[in-house]
Amino acid sequence: MFEILEARPLARGIKLFVIKAPRIARKQEPGQFVIVRLDDCGERIPLTLADADPKAGTVTLVVQAIGKTTMLFNMLEAGDSILDLVGPLGKPSEIENFGTVAIVSGSVGTAMAYPTARELKRAGNKVISIVGARSKELMVLENEVREVSDETYVMTDDGSYGDKGLVTDKLKQVMADQKLDYVLACGPVPMMRAVARMTGAEQIKTIVSLNSIMVDGTGMCGGCRVLVDNKSEFACVDGPEFDAQRVNFEVLMQRNSMYREQERESIDRLQADPQAELERLRRKNHKTECALDAVGVTNE
Amino acid sequence: MSSPTQAKTSHNPLPNKERTKLPRQRVPEQDAQVRAHNFLEVNLGFPAEQARQESLRCIECPKPGCIEKCPVSVDVKAVIDLILAEDYMGAASKVREDNALPAITGRVCPVEDQCESGCVLGKKGEPVGIAYLERFVADWERETGNCGIPKSAPPTGKKVGIIGSGPASLACAGDLIQMGHQVHVFEALHELGGVLVYGIPEFRLPKDIVRHEIDVLRRRGVEFETNVVVGKTVTIDELMSEEGYDALFIATGAGLPRFLNVPGEHFNGIYSANEFLTRVNLMRAYRFPEYDEPIYPCKDRDVIVVGGGNTAMDAVRSSLRLGAKSASIFYRRTEAEMPARVEEVHHAKDEGVHFEMLVNPVEFLADEKGNLTAVKCIRQELGEPDDSGRRSPVAIKGSEFVTPCSVAIIAAGTSANPLIQSTTPGLATTKRGYIQADDSLATSKPGVFAGGDIVTGGATVILAMGAGRKAAKSIDAYLKTTLKN
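Chains A and B supply the protein sequences, listed in that same order.
1 is the number of the first residue of the first sequence in the working numbering; add one for each residue after it.
301 is the number of the first residue of the second sequence in the working numbering; add one for each residue after it.
A few of these clues could be false.
With the Cβ distance kept under 8 Å, some of the chain A side facing chain B (calculated, not the full set) [claimed, not checked]:
(1) Gly-42
(2) Met-220
(3) Met-258
(4) Arg-269
Derived EDC-like pairs (lysine to aspartate or glutamate); straight-line CA-CA distance at most 20 Å [what the hints assert, rightly or not]:
(5) Lys-20(A) <-> Glu-525(B)
(6) Lys-27(A) <-> Asp-537(B)
(7) Lys-669(B) <-> Glu-261(A)
(8) Lys-231(A) <-> Glu-565(B)
(9) Lys-55(A) <-> Glu-542(B)
(10) Lys-599(B) <-> Glu-265(A)
(11) Lys-423(B) <-> Glu-360(B)
(12) Lys-287(A) <-> Glu-525(B)
(13) Lys-377(B) <-> Glu-397(B)
(14) Lys-126(A) <-> Glu-142(A)
(15) Lys-55(A) <-> Glu-543(B)
(16) Lys-284(A) <-> Asp-508(B)
(17) Lys-164(A) <-> Glu-142(A)
(18) Lys-287(A) <-> Asp-508(B)
(19) Lys-287(A) <-> Asp-515(B)
(20) Lys-126(A) <-> Glu-147(A)
(21) Lys-287(A) <-> Glu-590(B)
(22) Lys-27(A) <-> Glu-663(B)
(23) Lys-507(B) <-> Glu-263(A)
(24) Lys-231(A) <-> Glu-663(B)
(25) Lys-780(B) <-> Asp-546(B)
(26) Lys-369(B) <-> Glu-426(B)
(27) Lys-284(A) <-> Glu-590(B)
(28) Lys-599(B) <-> Asp-40(A)
(29) Lys-599(B) <-> Glu-261(A)
(30) Lys-27(A) <-> Glu-538(B)
(31) Lys-205(A) <-> Asp-181(A)
(32) Lys-669(B) <-> Glu-250(A)
By construction, these hints were calculated from the structure, which means they are not laboratory data.
Backbone N, C-alpha and C fix where the C-beta goes; we use that ideal spot for every residue, glycine too.
Okay, chain A solo, but in the shape it has when bound (with noise of 0.2 Å):
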């Protein structure tokens, strides 16, 4: 059982949450994720690490709700518990002093290429970050970002916030200001896609990191694969990050997809009385907390 101490509305359906993971803190380096299964019940989704402490013992997930299982995350509060956190899993972000690097994200992708930009910057990079939204409530971690950044841009589509635009808009503007070492792209795989085209034309080393859909998330599935170079590689141990020129973003959006009429079902049947499912989970993980002490399971 994995006690949240923290839970933090960052944006319209985004949350962060502090989460006592000893374990996993002690080894997370950026890049990297662990899967989530909240109940007995619950599916295994992995979700990007947004941060560790070591020292305290917790780990820090950013959560936008968007199927059944990241809703009602996103309704635990400090207090709770989720049943079930592995990890760190996946490779860690390549971190070296590439020169000049540009981070790209949009929404809660930003929490994903936070740790990494960190890093980047301690490394000795000149760090870009671009970040983006929809519009300004979707707008997450910006000042964290900014403290580890030496420029930072805000785009929204509606101009609600910072520019008006893409973040690819902005992209080609830095591009033909300064040259570029590294780029990362973390966010929707249409903004991945669009920014591989446009650094790919100038052979920018471009990294990204992609989010499929897990089982296990250690290799034993083969649910993640995704075509690189044309050959099937494994996203949870072969990624999260790849080099974007040789990913097929086509296949990964069809992959993604593969689940869309479950995903629906599974929705309409949380929203039909969300605060009945959030009492149900509570009660059992309590439950099932009580059990695993009686029985001396540890599980995390």
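Could you slot chain B onto chain A? The hints should help.
Below, chain B alone, put in the same frame as chain A:
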């Protein structure tokens, strides 16, 4: 063949001649047409009377071939005699001396190649139904709520870590705890049991039975910890140096699924058997939406499974239970070469699974959304025997054909998962990436042992258990000699 000498204590009233005339008891099964639509167990097991009847058939060989052929050397002869004495709890305890998971092996062991292949009766007729008897005593024990727990040695003060909670690990844990060592098991997934819970379906091995066997180990003192991916959450070196383990046993099982590497394998609706079975078994996707994990719809659709092993049979029979309109095995050799157990093949056929032999997929086809619509195959013929001794399939030119299907499951075996090997300096591996272990299952790192599928490649539950027992013996010897201080 064997002399009719009988142990003094024999509870069998019949002379040998009459025993051999008794027919083998048929185990009751759920009706094929009914069970093809539910996930309840197929074999219903012997009632006590049938177990005694079957036990009467044993001629009590002085050198029992059944014990010799059992990878964990269960004292079958003694167990059968205890059944005849109606001391079922004593029989359970007897099995447990050599086998930590009798309710499981009694269900999933390929007995026709093991104990039952060593039974003298099998030379002229049918061997004694040893697996059904083992299952009977284990089920009897469980249903009484008691447990035939063997006595443990006094505590040694040594601490052993076991990586993985599948059959090799559980067998190893059972023996080590009995030897008086402290045992801590790490599991990467959220549920204990490894392949027993993510791989083998409910209708062949109910999860409650796995849970019960694990509870027995827990009552004997084994500690369990889930959600720990050794190699990621913590390394082998950290366990040895920081967490104070005196020895480790790595039994992480078969690793990465193999795909066919043909065009279109990324389309929606194509699964590795590992993923399909994990969704159905571990995640209970067959109970969606009550359980959250979804599975690509099989209902009223055509499902094909590529492969001929037990995993392929488990997958194809699961797809039927998910409501498939048709469920087919596509295998590139003939039924004679299929590695699946004969019983599993029979069960699948009875349930209506279609077998398409000597075919090999060459391409998957999909609609504009990327959803699978058909598989293109080429027909095969058998050529010269390959390394495995089986005749290898050769494609027949120009024999391509297209079959419509909406779901395809690839059960083409597994390769080594590198998670531990790549994070453990000094741990030697084989050319194919499996962990190298000597005859005693010691690895190149002092105090670190390995066994089961991560050493041998994909095998069976009982072979993994055999490796677990062997490792326990070696670890015990290591702790007593090498670590003596």
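Q: Mind listing which of the numbered hints don't hold for this structure, in increasing order?
A: Those not satisfied are hints 22, 23 and 28.
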